[in-house]
Structure formats: structure tokens, C-alpha cells
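Sequence order for the protein chains is A and B.
Quick note: the first sequence uses numbering that gives the first Met the number 0, first residue 0, plus one each step.
Quick note: the second sequence uses numbering that gives the first Met the number 0, first residue 0, plus one each step.
What the hints contain is simulated information worked out from the structure, not anything from laboratory work.
Incorrect hints may appear among the rest.
Said to hold, decoys possible - Quick look at which bits of chain A chain B covers, simulated, 3 or more residues with Cβ under 8 Å:
(1) 55 to 63
(2) 119 to 132
Unchecked claim - Restricting the straight-line Cα-Cα distance to at most 16 Å, the calculated cross-link-like pairs of lysine to aspartate or glutamate (EDC-like) are:
(3) Lys41(B) - Glu52(A)
(4) Lys78(A) - Glu4(A)
(5) Lys127(A) - Asp1(A)
(6) Lys41(B) - Glu55(A)
(7) Lys43(B) - Glu22(B)
(8) Lys43(B) - Glu55(A)
(9) Lys119(A) - Glu25(B)
(10) Lys6(B) - Asp17(A)
(11) Lys23(A) - Glu4(A)
(12) Lys6(B) - Asp45(A)
(13) Lys119(A) - Asp21(A)
(14) Lys151(A) - Asp135(A)
(15) Lys116(A) - Glu4(A)
(16) Lys33(A) - Glu19(A)
(17) Lys116(A) - Glu19(B)
(18) Lys151(A) - Asp126(A)
(19) Lys23(A) - Asp112(A)
(20) Lys33(A) - Asp17(A)
(21) Lys119(A) - Glu19(B)
(22) Lys88(A) - Glu12(A)
(23) Lys151(A) - Glu55(A)
(24) Lys6(B) - Glu52(B)
(25) Lys119(A) - Glu22(B)
(26) Lys78(A) - Asp112(A)
(27) Lys78(A) - Glu55(A)
(28) Lys6(B) - Glu42(B)
(29) Lys43(B) - Glu25(B)
(30) Lys88(A) - Glu4(A)
(31) Lys33(A) - Glu12(A)
(32) Lys43(B) - Glu19(A)
A virtual CB, placed ideally from N, CA and C, is assigned to each residue, including glycine.
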Amino acid sequence: MDIVEVLQHTSPELFLPDPEADDKPGVLAELVAKLVAGSKTMSRPDAVLQMLESREALGSTAVGPGVAFPHGRTLAVQKLTVLCARSRKGVDFDAVDGQPTHLFFVLIAPPQDSGHKYIKSLAVLTDKLQDADLRDRLMAADDYAAFCAVLKGE
Amino acid sequence: MHPQLQKLVALQDIEQMIAEAQEQGEALSGMGFDLGGLEALKEKAAQLAGEIENRHLGYYRRLTGRFGHAVVPVVGNLCTGCFANIPASFVSATNENKLQKCENCGRILYWP
């Protein structure tokens, strides 16, 4: 799997260029609201939020420098869905390094997906976001198209 | 949604998360994820299970043991557990607050 395949699971409607919240509960709620509004097949925001909160209880998903990957499986979705978000002011997301989180990649998968696409997508994104230059360019991207182009290395 | 179904959905999501953390722990740790809250999550699952009526929880456990997933989504009027057709009458307003089961396989039905 490569980044192009991962990006097939997102869309311009699943891009949040600047969430308002600056704390974890607030930004999680905004991310879920955007997921539900943008996915067309998701209608139970409470179930998605509850799952993501449980996942954060397992351990913070803010593992990259300035990057978080909230993720998990829930009955509330029918297919793998990826949402990208970027906060210029930064969010206190209980990051491992204590620094604010600026980039969010939310991956929500149904209970079963063929070939573990969701874990493979997570691996592609966590690996890709290790690149400091790429993170800087994502922060500077003008819109969704530019954001995706940076991820694809164009 | 039936409040007990809401809890069953949350329980199934958490139990799957726990199973995945155990089965895919090495892969997830390799990506940098800390799974140190596993015991706390197990406690949360136990607490949630305690809020579910015994008859529903017992039924959920039996189905989980048999099929892996006790609660399944209905997509396109089909039970995604056994692909049996779900009668339209199941989604009527009078059934909104009932815990619905597939007439063919018995799995608990969830409308995403």
C-alpha cells in the first residue's frame, strides 16, 4: 500500500483546514462532526466520538512531532474513512513529547476490513509524517489539493 | 437508538480495540503508539458491561463466542453477518426502541 491508495479513502469534504478548538475534547468533537458531515455514510457521531475517546484512553495517538493519528474501528462506519486536519495554532493533544499538535490524520474503519487496509494505511501515514520537511510543507499548503500533492510528493 | 444497543455497540468497539491492541501490539508500537492504557481500557469495558442488562449481555457473549461479532450493521436491508434480508417493518417507528435481532442468524442488528 502507498500514500495514493490511502488518499483514496479521503476527499475534499474530509479536510478540516483550521479547527477552532485548542484542547483534546474540543478538537475530537470537531473532527467527528466533520467526519459525519463529509463521509455521507456515517450518521452516529456519538458512537464515533466514544470510540475515539476510548482509543485515547489506551494511549495518546499524538505520536509524531506535531502530528496525531486518532484511529479505530467502529460499527458506525461502513468503509475505511480518512480525515485530514491542520491546526495552525496547535492543540494540546497529550502528545508524547508534550508539544502542541498541528496535523491530524483520523482513520476510522469498520469492524472488519479485507486485508487490514486500516492498519496498513496507518503504517503508511505514520512513516510518511516522520519527514520534517513534508510536515512544514503540509502546514503551508493552501488547500486540500495542495495538501494531497505534498503527501504524494508532487 | 435503544439505550442498551448503544452500550452494546460501545462495548463491542472497545473489546475489538483491546483485541487489536493485543494482536497488533507489536505493529502499533512500531509505529510509535503507546498502548500503556490497556488495563484501564479493560476496566472501562468491564464497567460498561456492568451497565448492560444481564439478559442482553449474556446473549451478546453467546453471539460473540459463536460469530466473533455479536452486533452487525444493516446495510441495504441486509444483515451483514449472514446477508439475510431484513424486513422493512424492522425499521418502523414502533420498533425504534427495541433491540432487533436477525431472524436468520440471531445477531443483534444496528443501523449505522
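| task | Please work out if lysine 43(B) and glutamate 19(A) have their alpha carbons no farther apart than 16 Å. | result | Violated - the C-alpha atoms of glutamate 19(A) and lysine 43(B) are around 30 Å apart, more than 16 Å.
| Given hint aspartate 17(A) paired with lysine 6(B) - CA-CA distance at most 16 Å | Roughly 33 Å between the alpha carbons, so the hint for lysine 6(B) and aspartate 17(A) is violated.
| request: For the pair we were handed, lysine 116(A) and glutamate 4(A), check the Cα-Cα distance against 16 Å. | output: Judged against 16 Å, a Cα distance of about 10 Å means the pair holds.
| message | Can you confirm whether the C-alpha distance between lysine 151(A) and aspartate 135(A) stays at or below 16 Å? | response | Holds - the C-alpha atoms of aspartate 135(A) and lysine 151(A) are around 14 Å apart, at most 16 Å.
| query | Hey, lysine 6(B) versus aspartate 45(A), does the alpha-carbon distance stay inside 16 Å? | reply | Status holds; Cα separation ~11 Å.
| query | Do the alpha carbons of lysine 119(A) and glutamate 19(B) lie within 16 Å of each other, as the hint requires? | reply | Distance of about 14 Å is within 16 Å: holds.
| Pairwise hint evaluation, glutamate 4(A) against lysine 88(A), where the allowed Cα distance is 16 Å at most | violated, 30 Å
| said: Holds or violated: lysine 119(A) and glutamate 22(B), Cα atoms, limit 16 Å. | reply: At roughly 14 Å apart (the allowed maximum being 16 Å), glutamate 22(B) and lysine 119(A) satisfy the hint.
| task | Would you check the hint for lysine 119(A) and glutamate 25(B), treating anything up to 16 Å between C-alpha atoms as holding? | result | holds, 13 Å
| message | Check the hint pairing lysine 119(A) with aspartate 21(A) against an upper bound of 16 Å on the C-alpha distance. | response | Answer violated: lysine 119(A) to aspartate 21(A) is near 29 Å, above 16 Å.
| request: Between the segment 55 to 63 of chain A and chain B, see if three or more residues pass the 8 Å beta-carbon test, and mark the coverage as holds or violated. | output: Holds: 7 residues of the segment 55 to 63 of chain A have a Cβ under 8 Å from chain B.
| said: Please verify whether lysine 6(B) and glutamate 52(B) have alpha carbons no more than 16 Å apart. | reply: holds, 10 Å
Going through the hint list in order, the structure does not satisfy hints 7, 10, 11, 13, 19, 22, 23, 27, 29, 30, 32.
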